[in-house]
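Engineer: Chains as they are written, first to last, in this note's numbering: chain L, 1 to 194; chain B, 1 to 249.
Derived from the structure by calculation, the hints contain no laboratory data.
Treat each hint with caution, since some may be false.
To be verified - Straight line, CA to CA, 27 Å or less: simulated DSSO-like cross-link-like pairs of lysine-lysine: (1) K129/L to K4/B; (2) K178/L to K220/B; (3) K69/L to K158/L.
As the list claims (entries may be wrong) - Which bits of chain L does chain B cover? Going by a derived footprint, with three or more residues having C-beta under 8 Å, they are: (4) 21-27; (5) 47-61; (6) 135-146; (7) 166-175; (8) 178-191.
Nothing here was measured: the structure is a model prediction, and the numbers come from that model.
Virtual Cβ for every residue (Gly too), placed ideally from N, Cα, C.
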Amino acid sequence: MPTSKIIEMDKQSVIVNALLNNNKKVINELYNSNFPKIKSMILNNNGNEQDAKDIYQEAFVALWKAVRKKSFQARNETAIQGYLYTIAKNKWMDHLRSASYKKNVSYDAIVETGYETAVEEYSELDEVKENKLTKALNAYKSLGEDCKNLLKKFYYEKKSMNEIADELLLDAASTRNKKYRCMQKLREITTSTD
Amino acid sequence: MIKKNLSQEEFERIERYLRSEMPESEHIAFEKSLADDKVLSDTVDQLRIEISAIEEVSFRASLNDFHSTLDEQSEDGKIIDFQQVQKTRFPRWAIAASVAFLIGLGIYFSQQAPKHEQLFAEHFSPDPGLSTPMSSTDNYEFYRGMVDYKQGKYEEALTRWNELLKTKPSNDSLNYFIGMSMVNQDRMDEAILYLDKVVNNPNTAFTDESNFYMGLFKLKQGDIESARKYLKNSNHSESSVILRKLKDL
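Based on the provided sequences and hints, a complete structural model is requested.
Structural biologist: Put into structure tokens, the structure is as follows:
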């Protein structure tokens, strides 16, 4: 493999790993560098600043999820930028069309990454899962700040129990117990509407 | 059916499984008990969803933080990094459309083109195409053509769609997008013939689009009365804008 291709692949895997580990610095750079082009596309197609922000963030979350589901394969240097742009474009066009067609086409999308076509399909099983996820999202948002912060530090920022214990000025055992109780509370709320 | 009241030990065991922190033998044993115990397996799925939810809410919050620093940067007048923008390949139809548009604009302004042609140039951009669910087997050939269309391969799209048109000559989607492909190839006079079929079809889903484009093409040809007629029939967001500007002509 020529050296330039190896370097391109490395850069892509740096980004993919950053997305998997929620690396704030790398994701921030990725977010800032890709926004202008997508913002232009939306502003030039009957959208405003708020639309650009909303659609861009939806596309970004889609990328983040695809990397986790491993439904996205990074093949070359522009693959991630292309994926983001295409998702944003499809979501925006679907939005424009749903107003005039009154159809909901938001879940079907072909994403052309340059070398590979990934298809997002939506089945009934997915709908059950999506509903459960929505309940869990709302339940988490409704937790107290203490629980929200602790769970965020552990599951999102991927800090160790010891690090978190230091930050909270507690010992590790108490921190673990607190995390357990927060998760029990979360489950209680999530499943209370079942 | 899930187990709501887990002990801390049970909870941490499931958590270790989900985070791949179990030694191999424990992992294998746990997977076996998942296969045998539906309640356990449902509980593990539920916990997996809860952890995803925590991550997603936190991720979305961080995107909002990034966005607010973006706003700050542009307010400070700092140059946003466009390097990434340069490197990314634009889809071919966008390049074709923008080149055609720019050339058109250039010619129009240098020759001081009539106002109606300027209006056309200002408001025309080709239809970007439909999203293409490749899982649909019914209309495979149609959507396969749509993939060609969206990649700027208009000849290929036309070949597929013209073949379909033989058996479905009045199908509005086919006529509309055949017309659009021709527009992208600068064959406007031919495109009008296909769009005409769509515009006159009372059952079409493309009423707004086809009337909008017919209006634009009539505008380019200088037939202002017809342009007005078509644009009035369209709920396309730019129709009213153009109609207002036509009042001044």
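Engineer: Take the hints in turn and mark each one as holding or not.
Structural biologist: Do the hints match the structure? See the list:
no.: 1; hint: K129/L to K4/B; in the structure: holds (18 Å)
no.: 2; hint: K178/L to K220/B; in the structure: violated (70 Å)
no.: 3; hint: K69/L to K158/L; in the structure: holds (19 Å)
no.: 4; hint: 21-27; in the structure: holds (count 3)
no.: 5; hint: 47-61; in the structure: holds (count 4)
no.: 6; hint: 135-146; in the structure: holds (count 5)
no.: 7; hint: 166-175; in the structure: violated (count 0)
no.: 8; hint: 178-191; in the structure: holds (count 8)
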